[in-house]
Amino acid sequence: MDKKDLVNSQLGALAYDAAPESALIARIKQSYGLFIDGSFTEASAHEQFVTLNPANEDVLATVSRASDDDVDRAVASARRAYQKVWSKTSGAERSKYLFRIARLIQERSRELAVVETLDNGKPIRESRDIDIPLAAAHFFYYAGWADKLDHAGFGANPQPIGVAGQIIPWNFPLLMAAWKLAPALAAGNTCVLKPAETTPLTALLLAEILQQAELPDGVVNIVTGDGATGAALVGHPGVDKIAFTGSTEVGRLIQQRVASSQKRLTLELGGKGANIVFEDAPIDEMIEGIIDGIFFNQGHVCCAGSRLLVQESIADEVLRRLVRRVEQLRVGDPMDKNTDVGAINSAAQLARIQELTAFGEREGATRYSSSCVLPEKGYWFAPTVFADVAQSHRIAREEIFGPVLSVLTFRTPEEAVTKANNTNYGLACGVWSEKGSRTLWVAERLRAGVIWANTYNRFDPTSPFGGVRESGFGREGGRQGLEAYLNV
Amino acid sequence: MSDRLEVRKTYKLLINGAFPRSESGRTYEVLTERGEFLANVAQGSRKDLREAVGAARGAQAKWWGSSAYNRGQVIYRLAEMAESRRAELAEHVGLAEGLSAKQASKSVSRAIDRMVWYAGWTDKIAQVFGGANPVAGPFFNFSIPKPSGVIAVIASQNSSLEGFVDEVLAPICAGNCVVAVASERRPTPSVLLGEMTATSDFPAGVLNVVTGVTSELAPTLASHEDVDGIDLAGLDFESANELHVIAAGSIKRVFRPDERDSASTTRRLRAFIETSTVWHTIGQ
Chain C
1 MDKKDLVNSQ LGALAYDAAP ESALIARIKQ SYGLFIDGSF TEASAHEQFV TLNPANEDVL
61 ATVSRASDDD VDRAVASARR AYQKVWSKTS GAERSKYLFR IARLIQERSR ELAVVETLDN
121 GKPIRESRDI DIPLAAAHFF YYAGWADKLD HAGFGANPQP IGVAGQIIPW NFPLLMAAWK
181 LAPALAAGNT CVLKPAETTP LTALLLAEIL QQAELPDGVV NIVTGDGATG AALVGHPGVD
241 KIAFTGSTEV GRLIQQRVAS SQKRLTLELG GKGANIVFED APIDEMIEGI IDGIFFNQGH
301 VCCAGSRLLV QESIADEVLR RLVRRVEQLR VGDPMDKNTD VGAINSAAQL ARIQELTAFG
361 EREGATRYSS SCVLPEKGYW FAPTVFADVA QSHRIAREEI FGPVLSVLTF RTPEEAVTKA
421 NNTNYGLACG VWSEKGSRTL WVAERLRAGV IWANTYNRFD PTSPFGGVRE SGFGREGGRQ
481 GLEAYLNV
Chain G
1001 MSDRLEVRKT YKLLINGAFP RSESGRTYEV LTERGEFLAN VAQGSRKDLR EAVGAARGAQ
1061 AKWWGSSAYN RGQVIYRLAE MAESRRAELA EHVGLAEGLS AKQASKSVSR AIDRMVWYAG
1121 WTDKIAQVFG GANPVAGPFF NFSIPKPSGV IAVIASQNSS LEGFVDEVLA PICAGNCVVA
1181 VASERRPTPS VLLGEMTATS DFPAGVLNVV TGVTSELAPT LASHEDVDGI DLAGLDFESA
1241 NELHVIAAGS IKRVFRPDER DSASTTRRLR AFIETSTVWH TIGQ
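Here the protein sequences come in this chain order: C and G.
Per my numbering: the first sequence = residues 1 to 488.
Per my numbering: the second sequence = residues 1001 to 1284.
Calculated directly from the structure, the hints in this document are not laboratory data.
Careful: at least some of the hints might be erroneous.
Quick list of in silico lysine-lysine cross-link-like pairs, DSS-like style, CA-CA up to 30 angstroms [said to hold, decoys possible]: (1) C:K435 to G:K1124; (2) G:K1047 to G:K1009; (3) G:K1047 to C:K419; (4) G:K1062 to C:K435.
Far from chain G, some chain C residues (derived; all Cβ distances over 12 angstroms) [said to hold, decoys possible]: (5) Q48; (6) V59; (7) K84; (8) F99; (9) L104; (10) A231; (11) E279; (12) R362; (13) S392; (14) E398.
Just so we're clear, the structure is a prediction, and the values are computed from it rather than from any experiment.
We put the CB at the ideal spot given by N, CA and C, even for glycine.
Could you put together the complete structure from these sequences and hints?
Set out below in structure tokens:
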């Protein structure tokens, strides 16, 4: 297809007046300590770092960097709480604490959404409608399991593991904290949670919520910091279980690190999700699904549909519509309620996206980037679609973790499955077709932990999430999610 | 005692449904627990293992693609074969483990009963470990346990038949294909079991058994990119740690048995399944 025709067919984004959410509700403090043994405490070495608003590079707050000693204190606190309190708290009582936490998150949901958007750069529409409600739902769901573990399918009287060390990423900060804490607490473990370096604020707000819920001291400890803090947690002999969500690269190091210990491990790692589009799929919904699959959360999604596999007969039509739709995406102020695509979370992530997309052009793919005007300050990347991508290209193999879609084609269902599975990852895939039998045939053959049929990027606390192969092991969500925190 | 000279068996590998000698041409001497010569057993090589992994990968889609009912019958058929050759199995378990005839016979009975247990699991796994999920939205959402794929088993060094049955049948009944490294000093019962699969309608490649020196073979499997999971049953703590680190290179599922693995646990079954969850829209 001629690139000029595509550009001429664009409508451009419709004009709207700005509709900003107020940041006043956020009430962010100037500085935060570590949350250990039920209260905020200064880091032993008094080291601090700042967390920025990636949309304008303003400093939001100063946060403590937990040292090895601080991690040690947090683990000791979790151990004490496990032995003296939490392991003696009945399932029914644990359940009520979790219900309380769910309610408190709901009550403070607007505040949490605003802080999440300021700290992360994601559109307020997403933090308000997806991240925060799902975080509350997760606590609500697992609350109900705490006194029903005998019925979870892992035998009678399943026991907790002990102290869980949990390391979460920056793409869904509060939601990932909920995914980690809720099942761990329901199963009777105590926790040391390490939020991501660039997005610590909602976890610290959650600490305040845990205080409001009167969760016993030390049951949850939150240590902010960088990779060194995470490494201290992984290597700590007092930790019985490590749960990590992040890159495959770091996950591999963690698995190697804990191999000679008795620690239990679950890993939720990277992905290169294939979104498979058959010619009979309803095209309007499918285009929206593709857009949502890759541009949701700026593409900072491990399960993003970053490889579009489109049946050859409709490839030109799909590409034309996609490019037009990308041009209509509203990129800009994350606090604006009309914004579709917000800021890239950090300078480092932006550099990675820029590097890989430059490679895409160099390797011969055809690039279509939105002509949207990007703000001068902050970290921004225009939504981008690459056509003429070969399976061997880096943009088809490596996780970009940004708003970049690679488009490949196929002819037969067999070829679609082969191409979809041609990756070391295996987290999520999409299938678009009106023919249910074919969808299920494809789903059966995809090596992926989650398959969305005629939809994409849906999450629910009852639905297990997690990968196969180098996307990690273990599940979060559902009955299966309890297994990661039970000694079964 | 008869004065007839017995016809001895050559103990070979099981790869892709065939019984080759090691491509290396090597064998090693296996003694009974009492130190008497038992057999020269094929000493498998890295190349044998790579072929076995290829065979397992080639067989896996078909094995998983057959019905759970069918897989159950195939495993049940193995139990039938084992029952009819139980005297031979008992003799070898006795020689390998130094058990009395009575003890060996009991061990074989338990192993065969275990096969029957696994035969009954194939069509229960999806129901017990999967299910429908009541998501908040217009979706039909269900989770099915899928096999991890190709599983390497470093079989128990001591439990020559019972251990081996658990270690290979748990992943196989979940739809995986297996490359097993037999007990180094007690390999003959597992070789016999491998032979029985050939008359039990096991498709070629579903179970591959390689005999040889564990310390030489195990690292090849732990580092093999096309192996999805590994059971380190037959290694001591230190060696298991080393292999675990190697296996982490490709994020393998690593199973290390412990005291929890008593008779009725489902830990081994769960070790090599992957919950796959499908969301399908509901609409008119």
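Evaluated hints:
1. At roughly 28 angstroms between alpha-carbon atoms, K435 of chain C and K1124 of chain G fall within 30 angstroms of each other, so this suggested pair holds.
2. For the given pair, K1047 of chain G sits about 24 angstroms from K1009 of chain G by alpha-carbon distance, which is consistent with the 30 angstroms threshold.
3. The hinted pair formed by K1047 of chain G and K419 of chain C meets the criterion: a straight-line CA distance of about 28 angstroms does not exceed 30 angstroms.
4. Annotation: proposed proximity of K1062 of chain G to K435 of chain C holds, straight-line Cα distance about 24 angstroms (limit 30 angstroms).
5. Against chain G, the non-interface label of Q48 of chain C holds: every CB pair exceeds 12 angstroms, the least being about 34 angstroms.
6. Non-interface call for V59 of chain C relative to chain G: holds, since the shortest CB-CB distance, roughly 37 angstroms, exceeds 12 angstroms.
7. Distance check for K84 of chain C against chain G: the nearest CB is about 26 angstroms away, which clears 12 angstroms, and the non-interface claim stands.
8. In this structure F99 of chain C is separated from chain G by more than 12 angstroms, as the shortest Cβ-Cβ distance comes to about 17 angstroms.
9. The non-interface label for L104 of chain C is consistent with chain G: the shortest C-beta to C-beta separation is roughly 20 angstroms, beyond 12 angstroms.
10. Every beta carbon of chain G lies more than 12 angstroms from that of A231 of chain C, the smallest distance being close to 15 angstroms; the non-interface claim holds.
11. Annotated as non-interface, E279 of chain C keeps its C-beta farther than 12 angstroms from every C-beta of chain G; the closest such distance is 18 angstroms.
12. Every CB of chain G lies more than 12 angstroms from the CB of R362 of chain C, the least distance being 27 angstroms, so the non-interface label holds.
13. The claim that S392 of chain C is not at the interface with chain G holds, since no C-beta of that chain comes within 12 angstroms of its own (minimum 17 angstroms).
14. With 12 angstroms as the threshold on Cβ separation, the claim that E398 of chain C sits away from chain G holds: the shortest Cβ distance comes to roughly 16 angstroms.
When held up to the earlier numbered hints, the structure conflicts with none and fits them all.
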